[in-house]
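If you read the sequences in order, they're chains A and B. Heads up: the first sequence begins at 0 in numbering that gives the first Met the number 0, then just goes up one per residue. Heads up: the second sequence begins at 0 in numbering that gives the first Met the number 0, then just goes up one per residue.
What the hints contain is simulated information worked out from the structure, not anything from laboratory work. This structure is a prediction, so every number in the text was calculated from the model and none was measured. Each hint should be verified, as a subset may be incorrect.
To be verified - Which stretches of chain B does chain A cover? Using the computed rule of at least three CB atoms under 8 Å from a CB of chain A, they are: (1) 140–153; (2) 170–184; (3) 277–289; (4) 325–332.
Claimed, not checked - Facing chain A, a subset of chain B residues (Cβ under 10 Å, in silico): (5) Leu51; (6) Ser167; (7) Ala293; (8) Lys350; (9) Ser352.
Beta carbons: idealized from backbone N, C-alpha and C, even for Gly.
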Amino acid sequence: MAFSKTTTKEGRLAPRHSMSDTNILLCITILVFLVMYAAAMIFLGSGFLKPQTFFNILNENAALIILSCGMSIVMITGGIDISVGTMTALISMSCAVHLDYQGGSVASAAGLALLIGVLFGLVQGYIIAYLEIQPFIVTLAGMFFAKGMTTIVNSTQFNVEHEGFQALKATRIYVPGMGSVNKLGKYVPAYVEIGVIVAVLVVILLFVFLRWSKLGRAFYAVGGNRQSANMLGINVRRTRFLAHFLCSVLAGIGGFVYFLHVGSGSPSHASGAEMNAIASSIIGGTMLTGGVGNIVGTFFGVLSLSTIKNIVSSLGLDEAWWTNITVAAMICLFLLIQSVVLIRKNKSSK
Amino acid sequence: MSSVKTSLKEKKGLKGTLLGLVRQQIFIPIAALLLLVLFNLIVDPSFFAISLSENSAGDPVLSGYLITILDNASELAILAIGMTLVTAASGGQDISVGATIAIAGSVVLRVLCGTNSRPETLQAPIIVAFLVCCVVAMLFGAFNGVLVAYFKIQPMVATLILYTAGRSIAAWINNNELPIISEPSFGYFGNFIPGIPVPTPVFIAIACMVVIALALKFTNLGLYSQSVGINPHSSRLNGIDPAFIKFITYVILGLCVAVAGFIKVSRFSTINYSVVAKDIEMDAILAVALGGNALSGGKFNMGASILGAYVIQFLTTTLFKFNVDSSALPAYKAVVVILLVVLSAPVAREKLSNFWKKLAPAKAAKEAN
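Okay, chain A solo, but in the shape it has when bound (with noise of 0.2 Å):
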């Protein structure tokens, strides 16, 4: 659509002749993902060639990315929550705690999580939007808040032995199609948790919602400029406040899928989450600075994520530090990436 040249109704040019920041940024990123995980086909082999392998990332990620999507969304309106990471701990605590010591059932812990970001949502939103204090700060406060409580709730981790959870956290949904033989020569079909229906779910609804509703539009125009948004008559204060909302929201699902996964309490759990979570919407070419990012873009800056330390683990650098080292690299070359392609987009349109 970016480069036909067509004429609108009216009879004016389309406006569009180049291709946008966040397009440019997302084949940037789809591609990288792409060519990273074939060389790992081609030189790494046996592994990666399994179905099952690319599935696992999306099973051990699926939080992630629900908590990357509602990151993106807080950054896209120029906004950050570093809140998300020890909202995760938080709520896998509480509903641990609400399963096995208090006999919630799964469907009242799931709500229970739900009611957390609610709360999250309201106060931080209210306090970022209409207080106009820095969202690093407020959000900063709901990281320690969230991190305190959760010692509060429980200060030892523990597995959660209800049965219904069990049974939920073992459900198996086979992928049609996909799989691989064992070493027993038997035939082994690929399968995804739960939680990676919900966050697939996720991704296509806020990409609808971002491409095509109004306030999904307000939240670029926010980002992007908030004077002029405020000139087409946005409301901006409501904005801002609803994307902060709407990310701690996503933080509560995720904080339960994430729970669903891990099935445990403990105050360590998704320590650095939300750097992660950053770290993945910048690699999906969303910006810091707003009005530029694209929910798809996340998506695969959290597989590429994944896939890198897939990688590193694989060539058998287990020590924790490379890893860490090479997520850095990553980071700082996308970053360079961007940097370059935005300073040279820039100096040939003016």
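Chain A is fixed; fit chain B onto it per the hints.
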């Protein structure tokens, strides 16, 4: 800002001066500090007791909660200096300081210990180790600075790289070993010098403050970094190179990190890569915010930031005194922080004053009756 000042001059009398005090930037950390002091005075005045006792080496040392606060806040105060400059010039924050402290500390130990992780004697003079650590930390600061200033990447994102990799690099420098230094003279910098009853970090922090105060007074550092933070384009037109100023603030922060890292390893004569200075970047940013500085850059007040650092340590020590579990501490801290920040926000103040105005006529009506 100037309009506020002129309007203040017009208003005379006690009310005017009070209002002027409240509008001063440094009022926020001072008020917070006074509140904490008042709270401690009411609940338990023994909080302020300072006694002279002997430590395990048999030297006289001062002890008491106040000394603990002054001692433990040293690193944070030093970091707050660099963070204020970075915030003012680049309009963003460096979140990698905790990780670079780990690197700086690791470098100190590496130079002092050589390849042996349990040396009998030091392999190099302490001053050499300190200088090497300064150079390395400034190089890492320069790395952040280049990304922010020349590649125009948002500071928080650019420093996310070292935030992720820093502790791993620190572990890699020492081959993932944890060297321990048995030489007692190395511990002087983080604890006490024999014969002097005040902890050494306090002196180091004061020295840093004096240096930065002199630098702000006699160089254009403060003026240039503020003008770059307020408007890079117009400072460019005035002959200032915005990229270089941003870059130099990150190098200065690197130096602050080196000093803080040196104190940190000297305290314990060893290092734990994953725990040392954990979350200190958040506290340093908080100190800047509590000082009433805009996190989006521009004007800053160095004294207020440093005071902010001491307020944070005061709060932490107060909470510890009331037997708050160290892992539950952040929750209480968050509540206090959010209250302070909300109360000091201009919008919230306006809403409050409107609320008072609404109350006032009701009061007057009551009195008339």
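Exercise for the section: Starting from the hint list further up, note which numbers the structure goes against and sort them upward. Expected result: Structure breaks hints 5, 9.
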